[in-house]
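Participant: Chain residues, written in single-letter form:
Protein chains: 2
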Amino acid sequence: MKVTLHQVAARAGVSIATASRALNGLAVSAPAQNRVRQAVADLGYVANEAARSLRSDRTLTMGLIFFDLRNNLGIELIDALSETIEAGGYSLLVASARADKRRYDVLMRRFLERRVDALFCINPRGGAENLPLYADAGTPVIALFAAGSAFANLPLVTPSFSESAAALAADLASLGHRRVALVVHEAKSPPLLGIADALKGGGLAVDWVEASEAGGMREAAAQLHALNPGPTAVVAIDVHARGLLAAGVRAPETLSVVAISEIGVDAKNRKLGLSALVIDPHRMGKAAASAMLAWLAGSKPAERVLVQAASWEPRESVGPAALAAERAV
Amino acid sequence: MKVTLHQVAARAGVSIATASRALNGLAVSAPAQNRVRQAVADLGYVANEAARSLRSDRTLTMGLIFFDLRNNLGIELIDALSETIEAGGYSLLVASARADKRRYDVLMRRFLERRVDALFCINPRGGAENLPLYADAGTPVIALFAAGSAFANLPLVTPSFSESAAALAADLASLGHRRVALVVHEAKSPPLLGIADALKGGGLAVDWVEASEAGGMREAAAQLHALNPGPTAVVAIDVHARGLLAAGVRAPETLSVVAISEIGVDAKNRKLGLSALVIDPHRMGKAAASAMLAWLAGSKPAERVLVQAASWEPRESVGPAALAAERAV
DNA sequence: CGTGAAGCCCTAAACGTTTACAGTGCGCGG
DNA sequence: CCGCGCACTGTAAACGTTTAGGGCTTCACG
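The listed protein sequences correspond, in order, to chains A and B. Sequential numbering from 27 applies to the first sequence in our numbering. Sequential numbering from 27 applies to the second sequence in our numbering.
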């Protein structure tokens, strides 16, 4: 019932070695080639990937581990990654730690045993204990959305806001805005700095405003009020942007508000008509997959792969500066 | 650098067979057990799943193929399936044909070579050519959302509307409706018949109305008008339900409208305030995975596995029958 | 005709496990 | 003291490929 290369070879009247070569497109005489093909068809031969893997030490499989799969990001990422790597003959093993750090370790271990040729880690927490083992095995690992994690010392694919923020700056400027507040949560992270640079590059003045954790936006709103000259627009992580609205700020009448959308939460913003810089996970996936294929082909990617994965999506919460200016008077 | 069972055995001072047994929990003396464990830890041994697969003829891997991954359904399905099968030690290989029939064949072939222990096919079109090969190999295949496809003769996991439609019937009845039209596209499929039964069970009279392909809802609307006594509510596949609205039917003023949501398109309905029977893919996944595990454990599932995976979600498009009745007068 | 090169093909050895089979040593009942 | 059973362990043969190494033909050229 189960047919192996042996049987194919026998039926084609060649050695098993020749049969193998024929199937792999190596040099084989035309008649032999044909007889092997015929035998394969006759017998319904299906190659055994496990045996191939064992012998050749590659599984043609990549792993993809999520810290949590359940957000809008997941689908697009899987779609983009699988599309790109399939072209190289790879398949994708997918798993989700369901927000459990220890489970992340387990999954990384499991994929290690399965000898994946490469691994993508999404938003990893935990999992660090197995990282050295991957290094030992020479298995490339790329992390996405891994700011500040234990994965920081391997290639990270990170969204860059520079282009999208430049578009935002242009729009704001053409609406008459001259002064923008940037609400930070604590550290001025590289992405935020990038946004600030882009705004400045667009001719806007930038005020930094510090906000405590989510919810405490009343003080931040007060701080904004206190600024003189006051900004006519504000850019903030989406939880903060929503906090401003919740605190009673009316956009765009009193202030134009722009959110920086984190992973997979833009749907809420959209419902509120909140303008946003939103990350397109599909582009992230494409970039990560390409970097990985290149890596497997020999060229290790840079420590940081910046992807222009964000777009500027203006919605109702942004309007002419004039409105806000009136309020100020 | 790479450490095999040989080396572990050597360091532990036992034979390779004993080492293997120790790791698989078979009978081994306590001291040997410990020495092996120690050696594994010291050397950082990681089992090679490819070798294990080759020898033992199971890969502990299941395949999941989508006709098209890009809909809301995907994530929930992957999440539910992977959660359930991971408990049994299985991993999930995921792929999407991206709406290309031939690609579906390719993927099924690829997973066959990878010797997956089981396969889930979502909404398959094409792929039929490889089905016999799976049968030959004795690899179980379960299809989801596969109405009328070539996969019809293997176990199908199908959503059942009976419970949700009963809830719908109860709501309609309490709103004073007595007569409901059911718009069909051509065949009266089992799910539709199930809905009709549930409506009748709730004390409602059911009129069948035939509609041509998507878009041609104007005639269907006319047919509805022509009915005497006229129905005060209508239930239809979501494309038809939206078609009715587009054709100028005002819900719930002139007619209460309920959509039967197909895969992953409910978001549109929600935006229109269209009441719907919507399928929860998570429940479908759980059920399919459980059925598969049971199958691998020896008990083949029934030809049709009916899952109560739909819920009744009333929204604005449903109202009291009185309104529609007035119009009729 | 002799020599070398080029094609093609085969034999056989890996790859790292699991597992059937055959010991080995030991305790215990006869 | 013998033999038997038991608990453990070792030897070796698989599983289905890929691939290095070498042998055989054929052909061109001197």
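To be clear, the hints were calculated from the coordinates, so they are not data collected in a lab. Here the structure is a predicted model, which means the values were calculated and not measured. Heads up, some of the hints might be wrong.
Unchecked claim - With the C-beta cut set under 10 Å, the calculated list includes, among others, these residues of chain A facing chain B:
1) Arg63
2) Ile104
3) Gly227
What the hints assert, rightly or not - Below, simulated EDC-like cross-link-like pairs (lysine to aspartate or glutamate); rule was C-alpha separation at most 16 Å, straight line:
4) Lys312/A - Glu112/A
5) Lys28/B - Glu112/A
6) Lys312/A - Glu109/A
7) Lys28/A - Asp68/A
8) Lys28/A - Glu139/B
9) Lys226/A - Glu189/A
10) Lys297/B - Glu329/B
11) Lys28/B - Glu139/A
12) Lys127/B - Glu109/B
13) Lys28/A - Asp83/B
14) Lys28/B - Asp162/A
15) Lys28/A - Glu339/B
16) Lys28/B - Glu189/A
Positions of the beta carbon are idealized from the N, C-alpha and C atoms, including for glycine.
Participant: Each hint needs a verdict: does it hold in this structure or not?
Facilitator: Results of checking the hints against the structure:
For Arg63/A, the shortest C-beta to C-beta distance to chain B is roughly 16 Å, which exceeds 10 Å, and the interface hint is violated. Residue-level restraint check for Ile104/A holds (minimum Cβ-Cβ distance to chain B is 6 Å; threshold 10 Å). The closest approach between the C-beta of Gly227/A and any C-beta of chain B is roughly 35 Å, which is over the 10 Å cut-off, so the hint fails. Using a Cα cut-off of 16 Å, the hinted pair Lys312/A and Glu112/A holds, with the two alpha carbons roughly 12 Å apart.
Under the criterion of a C-alpha separation no larger than 16 Å, the hint pairing Lys28/B with Glu112/A is inconsistent with the structure, at around 28 Å. This hinted pair checks out: Lys312/A and Glu109/A have alpha carbons roughly 8 Å apart, not beyond 16 Å. The straight-line distance between the Cα atoms of Lys28/A and Asp68/A is roughly 13 Å, inside the 16 Å bound, and the hint therefore holds. Between Lys28/A and Glu139/B the CA atoms are separated by roughly 13 Å; this keeps the pair inside 16 Å, and the hint holds.
Note on Lys226/A and Glu189/A: the hinted pairing holds, with a Cα-Cα distance of about 13 Å set against a maximum of 16 Å. Between Lys297/B and Glu329/B, the direct Cα distance comes to roughly 37 Å. Violation of the 16 Å bound is thereby established for this hinted pair. Distance hint between Lys28/B and Glu139/A is fulfilled; the C-alpha atoms sit about 13 Å from each other, no more than 16 Å. The straight-line distance between the Cα atoms of Lys127/B and Glu109/B is roughly 28 Å, outside the 16 Å bound, and the hint therefore fails.
For the given pair, Lys28/A sits about 12 Å from Asp83/B by alpha-carbon distance, which is consistent with the 16 Å threshold. Distance check on the hinted pair: Lys28/B and Asp162/A sit about 8 Å apart at the alpha-carbon level, within 16 Å; holds. At most 16 Å may separate the alpha-carbon atoms for a hinted pair to count; Lys28/A and Glu339/B exceed this at roughly 50 Å. Proposed proximity of Lys28/B and Glu189/A is contradicted: the alpha carbons are some 45 Å apart, above 16 Å.
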